[in-house]
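2 protein chains.
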Amino acid sequence: MRSDATQYVRFPSGQGYPVAFRPLSALADSMREVGLRPGRVLVVSDRNVANLYAKPVDQTLQADGWEPRVLALPPGETTKTPEHLQAIYDAALTWGIDRKTPIVALGGGVIGDLAGFAAATLLRGVPLVHVPTTLLAQVDSALGGKTGINHATGKNLVGAFYQPSLVLSDLHTLATLPEREWNSGSAEVVKHAIIGDQRLFDLLTESWGQFAVRDIDTTREVLRRACQVKIDIVSRDEREQGPRAFLNFGHTFGHALEAATEYETLAHGEAVAIGMRAALYLSRRYNPKLNYAELDALVSRIPAPPIPADIALGEVMQAMRTDKKAESGRLRFILVKRIGSPYVTDQIAAADVEAAWRHVLVT
Amino acid sequence: MRSDATQYVRFPSGQGYPVAFRPLSALADSMREVGLRPGRVLVVSDRNVANLYAKPVDQTLQADGWEPRVLALPPGETTKTPEHLQAIYDAALTWGIDRKTPIVALGGGVIGDLAGFAAATLLRGVPLVHVPTTLLAQVDSALGGKTGINHATGKNLVGAFYQPSLVLSDLHTLATLPEREWNSGSAEVVKHAIIGDQRLFDLLTESWGQFAVRDIDTTREVLRRACQVKIDIVSRDEREQGPRAFLNFGHTFGHALEAATEYETLAHGEAVAIGMRAALYLSRRYNPKLNYAELDALVSRIPAPPIPADIALGEVMQAMRTDKKAESGRLRFILVKRIGSPYVTDQIAAADVEAAWRHVLVT
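Sequence order for the protein chains is E and Z.
Heads up, the first sequence is in my numbering, so the first residue is 35 and it goes up one at a time.
Heads up, the second sequence is in my numbering, so the first residue is 35 and it goes up one at a time.
Chain E extracted, bound-state conformation (with noise of 0.2 Å):
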């Protein structure tokens, strides 16, 4: 497999659009392959990934003729606000752009995110590029068509179901990559490998060192197929009304503790990693064939924080039932048969829930 191997996520619809491996060098080149004409273009960013990476970026758009904008935003998760999405619409609307503008999203989820959105809703929606710098983002948020801010009562509530023109993920920009994104990046890997794919499950058991060291074939190969699993999944569902529920697994139980510790202690994939603890504590309760050992062996190498002992059970239990996912007040959970067989439920007893927390909150 050649190491630029152009992924595509495709709808029913004929849309859609191409998740590629490629350098940062390759972006203008990317852009022009799917249509877009120089121009001016926005680059949203991080001041963290914008000190490492914007120069590059600016140097291959301006190569081809674009006259590229950045605008770097403060690191982390406080950012997903009205007030710095109307940053974005002040800099794109107060420079000038028109309907084909594109806004390159430079950074991981929350950039992806926020810029996203902006794209989505400025002059009622821009060409948009994503180049996500996370493990998390190249892999999960980058990929679906998913856009949003947060909310004082939730995170993501607010957004548009919205698709990129192009995903360009540079490998290399991994390399810097603070250690607990990382972790939290990887979650989302061992999730889609449980999820969807056997044969990442067994790579990652057999190269789980390897993995976590960064190293780049295993790194590519890895990535190369838990996008696939993504890709597969958003591309028969663009709105999230059926098997994509399934890229949840884990995310009930997770986002309850990210509430539960007003989003300080635990980054999302380490959330996300505990909750797959207990996801897959109460898959086995519903499915005794599971092989649980197995797949918690391999859930339970993602390092995670502890989580605060003074998180009680009445908390995340309170937490999970204000969650926008709880529809019509009924808790719906994804559960596993096994590796590549999820499914979703809304028929768990309460007690269930409750000893599948106490499994994970007494660790």
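Please keep in mind that the hints were generated in silico from the structure rather than gathered at the bench.
Hints are supplied without guarantee of correctness; some may be wrong.
Identical chains share a label here; the pair holds if one copy fits it or two copies do between them.
Keeping only pairs whose Cα atoms sit at most 35 Å apart, straight-line, the calculated DSBU-like set for lysine-lysine is [said to hold, decoys possible]:
no.: 1; residue 1: K189; residue 2: K134
no.: 2; residue 1: K371; residue 2: K189
no.: 3; residue 1: K371; residue 2: K134
no.: 4; residue 1: K89; residue 2: K134
no.: 5; residue 1: K323; residue 2: K371
Once you've looked at the hints, dock chain Z against the given chain E.
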């Protein structure tokens, strides 16, 4: 034709929605017909409209098992801001909605655009029901899925294409419409006749007197035909890639006038009425056989205040150039060859544009 005859927007994808002229008391039944099931429903309105119509809407919804809540915002264009959008988000999310909770936009174009954008972006999209109560909204803004808010640099610069589940228009709400709002809406009616329907044009020419006094039978027939022009165009062009541009007849001039008068002197439709006179003048310059006198006579019957004497040619020309529709710097105009034959052109000499402006500015 039955008075509740329902028209349909149908996209090539097969998706679409009904546009029904029915009394407000039929709202709950109509929502049921499009598959919405009782639960919470957030009715967004402005204080003027809510005073008149929130109660009957609330009653019909409650009688069918809905749990409505009414959010009444200040009336007027200045409500189309990020702050009022946030007020809708806050009301919806602190109350607790899920992805099936509809937003009902009860009011004119401002409420439709604002509440529509909120529906487009709450939980990445909840069902939207338009209940337009102004002539402009019934015949134009509630049809076609444009939603959005204003930005300091211009109107409607932030928004989304988002299709409603249902448009329900009660002709009787037009009885309470202030005179200038009626006039504003009648400009869009005339526009639809000029770009798409000779018979509507003839009907308006013959029956202007009855229409101007809001005779219910004349109004019903005029609105049915005017809506059909818009429905035909948006059905062919959901996202404004092609023929939808024709709906901007008179608007390149009109928007510039609104901007130059800081959105204070002229209502939108009044500016469009004047803009159409300029667009007709320009159309004749490039289409000498146009039956200009007949067209100008009908447009001139739409009452509009005089343009303030201190508005100079330079100002409106500059305002035109900064309009968002000026893609890649070239001004685009919608002109007409004859009734029902609009076309888009960016091949217009500046001197001719100025002559068209002088024609309306000196009047």
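Results of checking the hints against the structure:
1. K189 <-> K134: For K189 and K134, the Cα distance is within 35 Å both inside one copy (30 Å) and across copies (18 Å).
2. K371 <-> K189: Within one copy only: 29 Å inside, 52 Å across.
3. K371 <-> K134: between (46 Å within a copy, 29 Å between copies)
4. K89 <-> K134: Only inside one copy: K89 and K134 sit 23 Å apart there, 45 Å across copies, limit 35 Å.
5. K323 <-> K371: The answer is within: 8 Å in one copy meets 35 Å, while 74 Å across copies does not.
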